[in-house]
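When you read off a place in the sequence shown, starting at 1, and then add 2, the result is the number in the working numbering.
Quick caveat, the hints were computed from the structure, so don't treat them as lab data. You can trust all of the hints, since none of them are fake.
Under the rule of at most 30 Å between Cα atoms (straight-line distance), these lysine-lysine pairs were calculated in the DSSO-like manner:
#, residue 1, residue 2
1, Lys45, Lys62
2, Lys25, Lys62
3, Lys25, Lys45
If you anchor each label on the Cβ, the simulated ranges turn out as follows:
#, residue 1, residue 2, range
4, Val55, Ala30, 19 to 25 Å
5, Gly35, Val55, 27 to 33 Å
6, Leu14, Ser37, 26 to 32 Å
Bear in mind the structure is a predicted one, so any value in this text is a computation, not a measurement. Yeah, the Cβ is synthetic: ideal placement off N, Cα and C, and Gly gets one too.
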Amino acid sequence: AAPQPVRTIGYLFLPIDSAEYEKYLAPAREELGESGWNIECEKGRNTTLEEAVDFALAEKASQVN
Numbered sequence: 003a004a005p006q007p008v009r010t011i012g013y014l015f016l017p018i019d020s021a022e023y024e025k026y027l028a029p030a031r032e033e034l035g036e037s038g039w040n041i042e043c044e045k046g047r048n049t050t051l052e053e054a055v056d057f058a059l060a061e062k063a064s065q066v067n
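Using the sequences and the hints, build the whole thing.
Right, dumping it as structure tokens:
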């Protein structure tokens, strides 16, 4: 399933997107373990588009400083 912000803007995942998406998820899944993965997925599903943008901008700002 796509993250909430992706569903909010109506982006349609194509099969090629899914393969690329999964490639990046596998290491995160392994690092977090099943329980941690499920917790973080639930957080992601409940993240609003505004929260995702704020998070991305804060992350970018911390890299600059």
